Amino acid sequence: MKKRNHEEVLLQGNEAVVEGALRAGCRFFAGYPITPATEISEILSVKLPARKGTFIQMEDEIASMGAIIGASLAGVKSMTATSGPGFSLMQENLGFAVMAEVPCVVVDVMRGGPSTGLPTLPSQGDVMQARWGTHGDHPVIVLAPSTVGECFDLTVRAFNLSERFRNPVILLLDEVVAHMREKVVLPGEEVVEIVNRPKPKVPPEWYIPYENTPSGVPPMADFGDGYRHHVTGLTHDVRGFPTERPDEIGPFIARLFRKISQHMAEIHSGEFFLTDDAEIAVIAYGSVARSAKRAVREARDLGIKAGLLKLNTLWPFMRAAVDKVLQSARVLVVPEMNMGQISREVKRVNQGRARVIGINKLDGTMITPEEILKPLMEVS
Amino acid sequence: MAEITKLIHKYLRHDKKFPHVWCPGCGIGIMLGALIRAIDKTGFDKDEIVLVSGIGCASRLPVYVDFNTLHTTHGRALTFATGVKLAKPGMKVIVVMGDGDAVAIGGNHFIHAARRNIDLTAVILNNAIYGMTGGQYSPTTPYGMRSTTTVYGNVEHAFKISELAVTAGASFVARGTVYHANQLAGLMEKAFSKVGFSVVEVISHCHTQYGKLNRMGGAVAMLEWQRDHAVPVEQAARMTEESLADKFLTGVLADRMLPVYQDEYDVVRARAEEAEEG
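Just so you know, the protein sequences line up as chains R and U, in that order. Letter 339 of the first sequence, counting from 1, is numbered 338 in numbering that gives the first Met the number 0, and no numbers are missing. Letter 185 of the second sequence, counting from 1, is numbered 184 in numbering that gives the first Met the number 0, and no numbers are missing.
If we strip away everything but chain R, and leave its shape as in the complex, we get:
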């Protein structure tokens, strides 16, 4: 296949996810049809086989999640895409990927919920589900794009982070970001930075599959590499065998968390927009961050010292970034298309330092710039 240089294209968010996945090296996709994520399946069903990859439509989302874990264990970068109801079904196997440290990417295009909810309308209702949806205490990485360009960039990043840390990464789009079209500059394939999982450098007889390494990330041998090892969802020792010994369970769970917590700076990404002197800071993500940016600009035109902290990484939560805007801000405004899932986290970090105002809308429509500007004017 010929290498393409930079190209300017008009893309939908879901299409940009596909482009990002392909350039990140995704060669396996398993999914089940669901609005508003279906375009990702449809396009990959054409593009993957043309690249010697595999697309398969499974019998449900549980099976889709299982299949991508299996493919990743066999050494192929893999992804699935779904929306709320399907994301609910994926939770058990998602936990398996955390436990067995299997890199994979799950795209959840958020629609209105709960239950079947609003299949064609946006929400940001799955933020906490992405964090805590699977049972048991566990680390997770969640990214949320707010532009079509970011759909591309963050999909590449999702693959890279999942490989780097051997952890599933969830990409949370909302229906607006998934379906809107924007001009995107796609980088040439040779320009895209690709990260691959760490491989064992020792002979098979020395290989310790879940070794407690300084980075917290053990090298990963793929099935068929000659490093025969055991993979299980049971709590396991460093060799991968089930254990109930407290002296093995404790360090294992601690390492799972440590591999994420000691690399926060690498995982966190976002944008500080006019926050240096902002007395009123808006904290937003996804399509809402677009309205927030406009509201902040308009507020500045009115002489209000407003700024925006746009979160591209939702989990682990960007505590340091919130602390930074709190150096000047006396009011934090958190608009979300849910009843306050991130604002709750903001309050936890804030510890009463600033006033926190949530703008919560859950009626199937976007939060407009005017709806954000209004409280900015009121508190200025």
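Hints are supplied without guarantee of correctness; some may be wrong.
[What the hints assert, rightly or not] Derived DSS-like pairs (lysine-lysine); straight-line CA-CA distance at most 30 Å:
| no. | chain 1 | residue 1 | chain 2 | residue 2 |
| --- | --- | --- | --- | --- |
| 1 | R | K198 | U | K91 |
| 2 | R | K51 | U | K15 |
| 3 | U | K45 | R | K198 |
| 4 | U | K189 | R | K200 |
| 5 | U | K45 | R | K200 |
| 6 | R | K46 | U | K91 |
| 7 | R | K51 | U | K45 |
| 8 | R | K46 | R | K200 |
[What the hints assert, rightly or not] Covered stretches of chain U (chain R as the covering partner; in silico rule of three or more C-beta atoms under 8 Å from a C-beta of chain R):
| no. | region |
| --- | --- |
| 9 | 33 to 47 |
| 10 | 105 to 112 |
| 11 | 141 to 147 |
| 12 | 209 to 218 |
| 13 | 234 to 242 |
Since the hints were derived computationally from the structure, they do not count as laboratory data. In this text, all values refer to a predicted model and were calculated from it rather than measured experimentally. Backbone N, C-alpha and C fix where the C-beta goes; we use that ideal spot for every residue, glycine too.
Based on these hints, arrange chain U on the given structure of chain R.
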């Protein structure tokens, strides 16, 4: 060295903490023995084999054997196996499940794997009970029988796993018992050599739960029950329906040439490449 000792040294994991989890007298050990004898005969390299399982007594099997082993979530083993096989078609993927795992929580995955005719072998240990959780009824618990959740008798009707696999489109389906251990190894060998979705249903016993609750005696009595109720499929052809009423068929129930998923998907790849170039 005796033949079996050689196989034990070759295929069991020496760094795994034995003893195993199974009750004394359990049939799963016999199934494990048949499985490694069959694999040894087929000549697959240990590095080529991925042994996948779900959750339950039978699904604890992979941890003891020296292959690439994958102990997944309850009922979902076939979905993980599908991903492994499609990502690395050169691997021989064998899936071990129990009856609850394969046809209750995993029933949908089972019929769809068969329908796709994906190149996997499913080895299903059918002991008609959920053993690990303490003896609850499963989709293969016969009508009227007792379990800890059917103390007044089971009012549901049992799935016939092999017949279900035949109907759903599997290439190869066989049923054996742990009593007929040598025949079982032979059936597994045939299944492992077959390209396409193959199923070996292994009739076994759970004397600590099912046997106790239904007063069927210990492990030996239940093995004898298998001996007395198994009818080779060739012999059944000469028997009346009445005399077969409380029996089950053993041997090869289906062996057919059907299009295999991977081959079909290679055609899709060729078409897609052509379309993209053109």
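request  = Determine which of the earlier numbered hints do not hold for this structure and return their numbers in increasing order.
outcome  = 2, 4, 8, 11, 12 and 13
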